[in-house]
Amino acid sequence: MGICQGRAKTQEDQVHKLNQPITTSGELQIKVLLKNITLKMSGVRQCSIQFDFGQCKYTSPVHIDNNGDHYWRASFDGILKMTEQLMRESQMKISVMDTQVIGSATINLFEAAVGPFHFQLPIRGQHTGSVTFDLKMNQIVQATLQSKYIIWELNQSLSDVRYNYNLRLVTSQFSFISEHSTTFVNPNYRKQNEKQRSIMSSSRKSILDQDALRDSIISLPKTPSSSQIFNHSLDSIIAATPQNKGQVPASQPYHRIEWDHSGDELTLIVELPISEFQGSAIQLCLWSISSNKSSMGNNKSTNKTTIKKTQNKHDSEYMDLEIQDHHLVAETYINLQHLENNLVADLGAKFIVINSQQAKSIWYHGVEVGKIDYEINVKLPNYLQQSSFGVQTDKGIVSTASVVGNVENISVTEIKMIQIEFQKLSSSIFKIEHKTLNVEDKLKVRQDMDQQLNKLAQLLGQSHGTNIKTFQYKSEDDLMKAQQLLIQLSIHLVDYSKTLASFNSYFECLNLVLNRGELMLQQLGFFKALGKKQSEFKTEVGLEYQSFLVNTLRFTLQKLNQKDPSQQARQLFIKFLVISYFRIPEFRAKFLELITKADDPQLLELRGTEFIQEDDPTNIDKSTKTNIQIFDWQNYFHTYLSDKSKGIQNQSALNQILDDESWKEHIRHRSINFSFFVEEWAKYVRNILQVKILPWQDIPGYRILVKSFMCELKQQESVPDAMKMALKSLLQNQNLLGIVVSLLFNKTNLYNAEQVIETFEILDACFATLTTMPAQFDYPFFLKGIKQIIMDSEHAINIAKCVWLIYNIYPLFPIDFKKDICEFLFEKAVFKLFLHWSRTVRLVFHYFLLYRVSHQHKTSKVGGLDEEQIIQQYTLINRPKKNQSYFENRQPQQQLISDYIYMKYLRFLSKLEQAKINENQREYQQDHQSYYKKLVHKKLRREQELKHKEQEEPKMMEQLKLERMASEQDESLQKQNQLKPVIVPRPVMHKKLSYKHEVEIDEMQQQYLRLSIREFEEQLKNYNNWRQQNLKKMIGKYNEEGMRLLIIVDKHTIHLSFEVPKVDVLRRIDEKEGA
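Numbering (the working numbering), first residue to last: 521 to 1595.
Among the hints, erroneous ones may be present.
[Claimed, not checked] Between beta-carbon pairs, the in silico distance windows are:
(1) G1051 <-> Q570: 28 to 36 Å
(2) Q693 <-> G1051: 46 to 54 Å
(3) D961 <-> N587: 43 to 51 Å
(4) D1298 <-> S1086: 41 to 49 Å
Keep in mind the hints are simulated off the structure, nothing from the lab. Keep in mind it's a predicted model, so treat the numbers as computed, not measured. Idealized CB from N, CA, C, for every residue including glycine.
Use the sequences and the hints to build the structure in full.
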């Protein structure tokens, strides 16, 4: 409810609505919800209270309180049926009874139905007092939704034949589903079918022509073929397809599906309370349809199946039954919270047109798959609407009081300004909610509200501290006054959400006030002894904040099921859910209990980690190793309030929330909001604990939360973006990296390209959050996965993505693991990658060789060493010793490993040179063999000619023989002189290496040798240009004196600060690249 104490109400603040004209017609159905009844009547120890609405009554149980402060936890839910005129003539009577009526109050039913739902009425009679309660009156209306046009623009081309869509109205409790729209046939399929039909028709015609020639006497009757019957049914489907604007040629990939309804609008009519409708969302679902008559007997299909009647085009009496399996393609939600902002007419009924202001994203399992444009009409009858602002009294509607009674003497000027701005905002809200204003006046008031919210956000964002936003106060009293102001400000901002949520700065204000340091446990907790007066004031402030926590938790859990909230609204709901997790221990225990599933998969990846220890969700605070005081709200806050009357009421309200089942299934389901919660949870912990190394294991519920998230990650076939963001937030604890790598590698199918690509993208995002590698990371397991992908996979994009990951995260690796991974690449996979058939693989590997290996490990002294000498020196330096020191200079051994890696690279270049020589020799051998075959063929042909001549002229045989021998000798000498290769011994690069240059190249790789070398040389030129450009930029940053110093000190390492180029693997380069 609101805070009702403070300044007296002037006549301008009091509003009566009985003088408004009648706007509704006929009998109205109004859902009544009565709750939060509080009665203050001194001298009355026990009593009950009765509410008489005319058609129904509610009598509370007897409540006993020695001080006369009575509170009823029970609520009443009923239905009123009457016309608006009758409501204006009827009164709601409230009676306080002991053995008889000892006091009463009345209020007009129409005033109650159109005013605020907070009530404060005086009780008069034998005893006097006051009663406060919340009475929500929601009219039940019939809403009509019609789609005018829908345009789906998918990222991928249409792959199915037929599509349709439907509407769903999703409320907090239920969902209402419309029929399916008319069928859209893929234009590509339509054109293909027309072509097939034309071919079949011409084929049939040629067959009939042949039959006519074969038998010109007998006339055969033509019977329709099965293909014609199929074509007729397809024609009926095409006839039902909506006309599309601006169709592209069907031969092109088709991404667009459009319904432009004219007279055949898809309609959904729903009857529900107006408050449910205003908090609901429209879900648009796009379906692909597969038709299979043989599937009628298959009962194992898990798809949604409906029976649809389709009329045959050529026989109006024939009905064809088809089994249609609908498969979800995409979906999106349209929030109806601010529906009346789009009101276009209000003449007996409200006509609302919902247009997409800009293309809205459509989703499939948390992944964006395209955009949608739409126009949907909503028709509502005129209805009576309550307000959330103000208080209903016996004198009319009045504005709530000033937020805090006395901050005039507070030492912080910003607090005074916050109070002043909020008073201005309250006045503006009262005007727009309860005063009769024209359009221009409403626009002016809304502009004032926007300015006031912006000013309020600016004030709330100010701070005297650095890490946590808080002001410095001269006394404890000033602090408590400021806390009371901020608490009541938070209460009112939540209460006015319906009016203020259309302003972007509203969410900023509420977010800022929730993050204020004044409302953290360090300031609100009972850590030190205070005087009696201060202690009572602090208890009052604590009870107000406790009440705010409970009421806002109820509000948040109701909004949690809301579909398509704005991004700011969702962030706010999740933030408060996280705040409730830490500041309401009972809710935390229930939350952890709900997210723990008995059927969760066993996580073998957690073996050998601290997650083996099980936590009891119901006793989580005692199961942590060290109960961190900053999170211990139970012992330092709630315990001190548990014996107070307001504290008991707050606990009772909290128990009601925890017993409510409506929100639990959403938490238990671990939906996308669970990922948002985990992300915000990790951020909250980081902001609260301003330390470099966080004690993650001591944070309440950490192990349960991480286990549940990892189980959800393991079960997801495709990981949504929200889950990726949550995973990155959790990796603030770097020790989780090894678990994540193990889990992703184990769940990924090597032969599923999409899974492999997604795994490497997730790992790249995870590694990007790190600045150093965790000490206990399992490098051998990671290397094993890399080896398996590169050596066993034949999918080009998989291999390219693996090398891409190594390229991106290579600087993070310690020098020892760099040695291991380079040994594998240069000894086992170098030519598979360098001479791969895919240009994408070759390009990424070239980048790795140049920008990671050569750029980072290049040294001028390697030419004087070989691998054996480097290994001997490294072994000598790194030999086991009894006495070792952290401060020992390890630069020599790291430099040796770097030299070793660079030598591997040089040996590869030498092999490359050798491969080029071998390729030249191979080409020479091929040319020599070709020429030799030509000579042999020439020799055989000549011998045949001579043999023929010998038979004709035997006398000249001896002479010809001598001539032939002389000719052969001349030709042999000539051949040796012409074809003897002049091979200039080309110096092999880096010939001081001691290992032989054996080249392991198979026939498949051989054909890409020259091409890959040419590409590598081109990339080498690009690398040299890039290096020179970066050196020039670096030189420009220093003056002449500074540069001399730079050259002396950092000339060997300055290049390591250059930002290397990024590689985009997903862009296909090869025409025959794998999908």
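So which of those numbered hints doesn't the model satisfy? 1
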